[in-house]
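K.L.:
Sequence:
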Amino acid sequence: MTSTFDLTQLDRFAGTFTSIRRPREFTRFSYDDTHTLKPLSAESLSYYYPPVFGAPGLEEHRPDLSVGFKTFRQRDDSVDEHLDGLLDTLQAYEEALLVKVEGGEHEVANVRLKADVVTWRGMMTKILTVAFDDFSDFEMNATCFQGSIFIEENHAYKAAQRRSQNSQQPRRGEASQEMMQYWGYKFESISTLPTPWAETTRADIEGRETLIVSNNPQYCSVVRTGIGATSLILAGEVDCVLGEKPERSDQPIPWIELKTSAEPGNLSNIREAVKYERKLLRYWAQSFLLSVPKIMVGYRTPDGFLTRIAELETQRIPAQVKRGAHTWDGNLCINLTAAFLEFLTQTVLGDSVWRIRRWKNSRMIEVFKTEELMMEDILKQSFRIHREKLRGLEIAAALAK
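Just so you know, our numbering puts the end of the sequence shown at 437, numbered straight through with nothing missing.
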């Protein structure tokens with residue numbers, strides 16, 4: 037039996053304001069240069085420092101984002117990593133709290149991280165933008181365990197999409213999909229430092245354009261947040277921080293999201309305005325979900341030369357769109373997401389695996405049971421054993437009172 041969430045009558049999501057719990061990082065994890073997972077580690081945290089070009093008095097220089105493409109160290113994305121990195125990190129975080137319980141510093145009842153939904157930021161981005169992105173299609177897998185719904189991307193579907201995109205011949209005068217993807221990583225490489233500016237040499241700063249680019253290292257932030265009545269734990273990669281992270285966990289983190297884009301056309305032309313605002317929708321949704329306050333967009337020529345860097349403030353993007361072609365409404369996106377999450381928590385029940393699917397141009401999201409996978413395929417055994425042990429400790433502690 038298939039349950040459907042209707043996307044045809046969007047007016048029902050307009051006019052109200054959904055409560056939002058500000059995303060707050062409570063832990064993190066890194067992947068190193070070999071893409072080895074490091075739970076609880078900030079090893080791969082990067083620091084924003086833009087490339088210097090176009091300044092008065094300097095010889096005209098525009099960084100070539102294509103440089104180094106042949107030596108690009110690209111991680112193997114054919115491997116289905118499921119939720120493993122996030123689950124290993126949650127387990128390590130809870131095990132650290134258990135040590136405090138043994139020392140009398142913490143209550144065992146408060147060790148297990150509880151949330152209605154646990155997933156990647158990327159999955160929630162697809163839901164948050166679905167009302168206004170007719171080109172988006174997706175498949176996700178979901179299962180319920182100990183009262184939480186765990187959602188992952190359906191890797192087989194995503195891999196087929198990627199193969200299809202990469203097999204398409206570029207239009208005349210356009211770069212390949214692989215090259216344009218590389219431009220994004222190159223921009224990150226020349227816009228970040230591995231250590232704070234004060235600890236970095238001038239030679240390291242000026243030598244960034246010649247570094248071998250790798251997308252193996254990643255810093256992933258894990259946050260608690262809430263949309264409407266649904267509590268969430270989200271994890272997602274963040275590109276870099278402006279300055280340094282504050283020591284206090286209750287202070288907002290000055291994250292920076294890095295993007296590359298072709299120069300927008302004449303925004304007085306409605307077609308160009310719609311195209312530009314569609315990009316802004318994705319920029320806003322990704323950054324909103326992890327509380328990333330600023331987005332730095334590196335604009336480039338069609339052949340990959342960086343021309344300028346523009347700064348966008350995440351919270352101001354919806355108002356900017358409203359003053360423009362008004363092709364989407366951020367408040368409606370949030371209201372729809374809150375309603376969908378409530379629908380999901382009432383639909384995904386038991387220990388089956390469910391498929392969450394939306395076809396391109398479809399005005400519905402389908403949710404149905406699938407026999408292709410089992411819970412064990414989504415939630416690794418070590419995490420399930422850890423959680424069952426933790427649940428046993430909770431029961432024992434409650435009975436001892």
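Hints are not guaranteed to be accurate.
Unchecked claim - Below, in silico cross-link-like pairs of lysine-lysine (DSSO-like), each with a Cα-Cα straight-line distance of 30 Å or less: (1) Lys-396 / Lys-136; (2) Lys-311 / Lys-281; (3) Lys-281 / Lys-405; (4) Lys-405 / Lys-311; (5) Lys-281 / Lys-330; (6) Lys-194 / Lys-74; (7) Lys-330 / Lys-311; (8) Lys-194 / Lys-150; (9) Lys-315 / Lys-295; (10) Lys-281 / Lys-295; (11) Lys-330 / Lys-162; (12) Lys-162 / Lys-437; (13) Lys-315 / Lys-396; (14) Lys-162 / Lys-136; (15) Lys-136 / Lys-295; (16) Lys-437 / Lys-405; (17) Lys-106 / Lys-358; (18) Lys-136 / Lys-106.
Hints in this document: simulated from the structure, not taken from any laboratory.
K.L.:
With reference to the structure, classify each hint as holding or not holding.
P.N.:
Results of checking the hints against the structure:
| no. | hint | verdict |
| --- | --- | --- |
| 1 | Lys-396 / Lys-136 | violated, 49 Å |
| 2 | Lys-311 / Lys-281 | violated, 34 Å |
| 3 | Lys-281 / Lys-405 | violated, 42 Å |
| 4 | Lys-405 / Lys-311 | violated, 36 Å |
| 5 | Lys-281 / Lys-330 | holds, 14 Å |
| 6 | Lys-194 / Lys-74 | holds, 25 Å |
| 7 | Lys-330 / Lys-311 | holds, 21 Å |
| 8 | Lys-194 / Lys-150 | holds, 29 Å |
| 9 | Lys-315 / Lys-295 | holds, 10 Å |
| 10 | Lys-281 / Lys-295 | holds, 21 Å |
| 11 | Lys-330 / Lys-162 | holds, 20 Å |
| 12 | Lys-162 / Lys-437 | violated, 45 Å |
| 13 | Lys-315 / Lys-396 | holds, 17 Å |
| 14 | Lys-162 / Lys-136 | violated, 38 Å |
| 15 | Lys-136 / Lys-295 | violated, 41 Å |
| 16 | Lys-437 / Lys-405 | violated, 41 Å |
| 17 | Lys-106 / Lys-358 | violated, 42 Å |
| 18 | Lys-136 / Lys-106 | violated, 49 Å |
When held up to the earlier numbered hints, the structure conflicts with 1, 2, 3, 4, 12, 14, 15, 16, 17 and 18 and fits the remainder.
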